[in-house]
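Read off the chains here:
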Amino acid sequence: MSEPVTMLETPIRIDYEFTAGLAQSRYLKGIAEGRFLGQRCPKCGKVYVPPRGSCPTDGVPTTDEVVLGNTGIVTTYCVVNVPFQGQSIEIPYICAQILLDGANIAFMGLIQEVPTDEIRMGMRVEAVWVDKKDLGPTMASVKYFRPSGEPDAAYETYEEYL
Amino acid sequence: MAPPSGQGRPVRPVAVVSFAQSDSVRREEHRNDVEMLQPVIQDVFAKVGLTKDDMGFVCSGSCDYLVGAPFSFVQALDAVGAWPPMRESHVEMDGAFAFYEAWTQLREGDIDTALVFSFGRSSMSQLGRVLTLQLDPYYMAPLWPDPVALAALQAQALIDTGRYGEADFAAVAARSRRDARQNPHAQVKGDHSPEELLGDDYVVAPLRRHALPPITDGAAAVILAAGERARALCERPAWITGMDHRIETHALGARDLTTSPTTRRAAGGAGLLDGDGDGGGASVTVDVAELHAPFAHQELILRDALGLGDGVSVNPSGGALAANGVMVAGLVRIGEAAGRIMDGTARTALAHATSGPCLQQNLVCALAAEPAGDGRR
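Quick note, the sequences are listed as chains A and B, same order. For the first sequence, our numbering assigns the number 1 to the initial residue and increments by one for each residue that follows. For the second sequence, our numbering assigns the number 1 to the initial residue and increments by one for each residue that follows.
No lab work stands behind these hints, which were simulated from the structure alone. Glycine included, C-beta positions come from ideal geometry on N, C-alpha and C. Do not take every clue at face value.
The calculated lysine-lysine pairs, modelled on DSS-like cross-linking and capped at a C-alpha distance of 25 Å, are [stated by the list, open to error]:
1) A/LYS133 with A/LYS143
2) A/LYS46 with B/LYS52
3) B/LYS189 with A/LYS43
Over the 10 Å line for every Cβ pair with chain A, so calculated as not near, a few chain B residues [as the list claims (entries may be wrong)]:
4) GLY49
5) GLN182
6) VAL188
7) GLY199
8) ASP200
9) GLY281
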């Protein structure tokens, strides 16, 4: 008997296009103008950012657009110490859930300009954008968030979003 | 396979009480999956005055490979609203198979209603390549035979039997397009003679352009209800009198592609043939049959397998040749067939759904204006 075949290579490649959708397109166009746009559920009143066009709780279209602030609260965070392939930020760095003022859902953002041992829940942060000429419909337009210098938010103000 | 009846638990009759579908389009340019699905979900609820909070079970059918987004079916639940937590399931198959799952749940008896939906956007990728990935990964998929090439092999084999020729394929396509003119959601419609259509170029011989389905983006949804609830929700519920699905081998070379024994078996299992569907010349007698035949010659294979006579109205919606939302077209067949009963134009109907290359998997659903009597599956 000759050697058994133990390996078979079958390369697969499929190219995709992507449609952001109506709501996320609005959001990305807002990002290109240097602002965060959310959408409010007409039923429960919650404001989602980035909006996906639907309230995931009520299942109804979120058509009411809301301009959100540039500041928010760190609801929770982690400090990344592990290197991985394709990493573009020097470790250690902080990855946080940020609840923008006026929003009812937190999203993930990079925190800079603060030592990793000083990050904390409730810290007030603000978005730092790229230069105006470099703004585009991409999350790369938001360089990172940094402490805004405001007093920390009380736990009760964000406990619902953990 | 129908669950066994008569084992001490009464099996309740279950019916389709509402059906909605999106327009079938070549490319959904602006909306994402959720935005495409949401109006359909709202429509299917509005027709019976229900909301998601009335649903005992939710089941969907879709395929993440179509849009290249892992867990896109989870995100799709945003179109329904999944709070408070609901009983929910998903099949990586056509919505017709999600429909089957919901039917079994309803027959079990602890829920009264179910929502079934499906969505598919074939325009986001190269559909032929995506569907090739369902083939045997060692010997066949690396050759990249796309679904049109495989269907062409099947069509050529059918021609070689002497039963049908290209003109018969064109006749199926011509009728589909003509019927589709009455279907506001259809994508390919028009009044062309078979002779005109035979002027089309070959895409893969012996299949000319008209024998192929369109590439479609779309969505569909159905609401099922059991027993008295169905009667309360709908003037003429489309009762499911039987349903069954069967699968043929993965090895295309081991199948007789010119027949569909699993469709016949499934029809037998659904109670549409005498016996189990294997034997004899029994034929299905219904008012309407919606057959999921993405390629024109496949309708002929399915007709023969079921023994459908000239008195049966086949694919009055235009069928999958007029709109072929992948993961959607099977559920649409059920919805269209049920629709004929709900609007009073048919007393009995057959809906068929397929999956896999060359009619590999086949589901048959029997529908009627009256629930089946005892002893019938």
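Pairwise hint evaluation, A/LYS143 against A/LYS133, where the allowed Cα distance is 25 Å at most: holds (14 Å)
Checking a non-interface call: every C-beta of chain A should be farther than 10 Å from the C-beta of B/GLN182. Is that right? holds (30 Å)
Consistency of the no-contact label for B/ASP200, given chain A and a CB cut of 10 Å: holds (28 Å)
CA of B/LYS189 to CA of A/LYS43, is that 25 Å or under? Answer violated: B/LYS189 to A/LYS43 is near 40 Å, above 25 Å.
Over 10 Å from every CB of chain A: does B/VAL188 meet that, or does the non-interface label fail? holds (22 Å)
At 10 Å, judged by beta carbons, does B/GLY49 keep clear of chain A as stated? Given that every Cβ of chain A is farther than 10 Å from that of B/GLY49, nearest at about 16 Å, it holds.
Interface-negative label, B/GLY199 against chain A, beta-carbon threshold 10 Å: holds (33 Å)
Is the Cβ of B/GLY281 more than 10 Å away from each Cβ in chain A? holds (45 Å)
Do the alpha carbons of A/LYS46 and B/LYS52 lie within 25 Å of each other, as the hint requires? Status holds; Cα separation ~19 Å.
Consistency note: the structure conflicts with earlier hint 3 alone.
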